[in-house]
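Fit chain A to the supplied structure of chain S, relying on the hints for placement.
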Amino acid sequence: MPIDLVVNVFVAGLLTGLVYGLMALGLSVIFGVVRVVNFAHGEMMTIAMYATVVLFAALKLDPFLAVLPVAAGFFAFGYGLQAAVINPFVTRPETSQFMLLLAVAMVLVNGLLIIFGPDARNVQVAYQLESWAIGPILVDKARAFAAGAAVVTAGLLVAFFRYTLVGKAIRACADNYHGAKVVGLNIKRLYALTFGLGSVCVAVAGCAMVLLVDVTPALGMAYTLLAFVIVIVGGLGSMAGALLGGVLIGVSEALAGLFFTPSAKSMFSFALLILVLLFRPQGLLGRKT
Amino acid sequence: MTDRKGTNRRQFNQVVAATVTLSALSPFGIARAQGAKLKVGVLLPRSGVQSFIGQSCQKGADLAPGVIREMLGVDVELMNADTETNVDTARTRAERLIQEGAQVLVGPFDSGAAAAIAQVAEQRGVPFVINIAAAPQITEQGYKFTFRNFPTAVDLLRNGLGLIGELFQATNTVPRTAVFMHVNDTFGQSMAKGIGGILPRLTQLPFRIVETISYDPAAKDLTVEVSKAKATRADFLLLVCRLNDAIILRREMVKQRWNPMGIIGPGNPGMYENQFYRALGKLSEYCISNVPWYNPRNELTKRVDAAFRKQNPKDQLMFHALNVGYTFEAILIAADARKRAGTSDPKALADAIRQTDIKSRMMLGGPIKFNAKGQVEGLASACIQNLNMHPTVVLPASAAEAKPVFPMPGYKA
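Those protein sequences? They're chains S and A, same order as listed.
For what it's worth, the numbering used here labels the leading residue of the first sequence as 1, then goes sequentially.
For what it's worth, the numbering used here labels the leading residue of the second sequence as 1, then goes sequentially.
So here's chain S without its partners, still in its complex pose (with noise of 0.2 Å):
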């Protein structure tokens, strides 16, 4: 097999994995500190795309612009969300809370539906279809700049944890949740933060995501399965553990599908999963509790 198309087939899944990486790196601080699964996280990356579809065609908004509203707009859904509807369910069995979510997940998933039809929908920019040459590595413009998003929203993510007072305050939270409460934070509206946080990057993920997959309502499932997949593979509430679970995926897909067969691409994303809970159950950068 060509050396070239070996490494053509890796860099292209190592870029979709650190989208695929900032998606879920949403959903592992949002449990990290909250302690509550996100079953709705796919289907708010669905309308994060979407936003990003509608903001494209009303002002010709490039996607990477559009973070800017659509991580805004995340960031008080999220805030509203958790306040309003998640936070009476914190102290309850953790089935409530999956009810909850995925009920939050069939509404949204129907409402996208009524709004905007079963249809799949896209965005055309220029660079969308270009990519650069290194010899004979072709590098996918759209899914390097996509990448790129990623790095850097994780990035301020991090700095933002371990430099501000709030980010302390809210790994304060996440630490030791009765001595936080202790010394006066205000938990209800440190939660209420993180998911505005965690949704910012689901948001930040979703408009670099519309450059490299076309949207339709029902496609918020399987990215949640999928983030699943890459916070246990690299750690629930780990958020270098999500970066790296999402290359992980993103490259052991792209090379199964290269040395085996593409239809089983997503076998090995399912048997990389199984091998980390049979050997790490605690995830590959995940701290046991």
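There could be a bad hint or two in this list.
[What the hints assert, rightly or not] To give an idea of the interface, some chain S residues facing chain A are shown, with a C-beta separation under 10 Å as derived from the structure:
1) Val9
2) Met99
3) Leu129
4) Ala133
5) Ile134
6) Leu138
7) Gly167
8) Ala222
9) Gly257
10) Ser263
[What the hints assert, rightly or not] Here are the simulated EDC-like cross-link-like pairs (lysine to aspartate or glutamate), alpha carbons at most 16 Å apart as the crow flies:
11) A/Lys220 with S/Asp62
12) A/Lys193 with A/Glu211
13) A/Lys220 with S/Asp214
[Claimed, not checked] If you want the ones that stay clear, here's a sample from chain S, every Cβ over 10 Å from chain A, calculated:
14) Leu185
15) Met221
16) Ile274
17) Leu278
No wet-lab data here; the hints were simulated from the structure.
Every residue gets a Cβ at the ideal spot worked out from N, C-alpha and C, and that includes glycine.
Chain A alone, transformed into the frame defined by chain S:
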């Protein structure tokens, strides 16, 4: 005692008695069978991965009642159901349509769904006229209520591969290698199996397949598949696709700067649909599909075209040719049988469908006549090339609207 309109008590009692009798008989289908309207259950994938094609087929169903009433004087009532591009949903929707009184089922543009609906139709004794579905096994099961006015995958391929030979002759080209890519659903697998069986016997074709790559029709990304195909350095791409994957694949070819001599579909949908042109613009140009097509000169085609334009003023029949044509003909077959049977009883309808002999038709090929297996034979294909953003017949020469362009020119991203 007589009321002011002249109805006496005896007449009133007779009417009441008749109504009660009809009501009592209707659960057994006795009265229903004599109903004036033919209730046609139309099963199509109007949402999901195949939604564009399903909605395209639906246009053919929607115009059918009006055209058929004019032609045959038969009133057709459509009972529409969405299969959601899902085999299980197709099965349950078929069950529900029959429960709700459908006397004939039509659809479903998918071999997997057709196989599931055929089982329901057989169990319930309701005729099922397939509009589009090519898997040969559907009419090889000995079913008594399943009929297909569409070529099997083998016939599609035989016609399609034959036209590829004619294309090479017409353009004086001799491609030596092809990479074969196909969707891995029921239809795609049938086509792949057919190509494996037929191609070695067609010694007049100058090319051999250097690699076969299957993929999921619901795939969101075909980077790996296209990379593998490009690496074969094959002269042209032989592609059995659906619509959405065809769009993704074509975009990926541009991204990867892969310029084969051509992209040829040997008997599949995907590259002549309106959405293909809308989504890809100029990138849709020169793709070739060897598929069953309508005869633009036929009287019935002109009639359907007029009805189509009336219902879809902003659209053109040519973008829905196969989908509208075969869906319309499926309902026409049912209505024709209803007229000859003189009843809407499903079993009588099935017997009448078996005796169908419709000579004046829309699609290319001989008369609509079913063989003992419920299959229409002698259906023809045309070589359709995307030229100037619309499907154009380029072969056979007798029906050609333009000359074929092969190899296709390179594109600029």
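> Are there hints from earlier that the structure breaks, and if so, what are their numbers?
Replying inline: 2, 5, 7, 11
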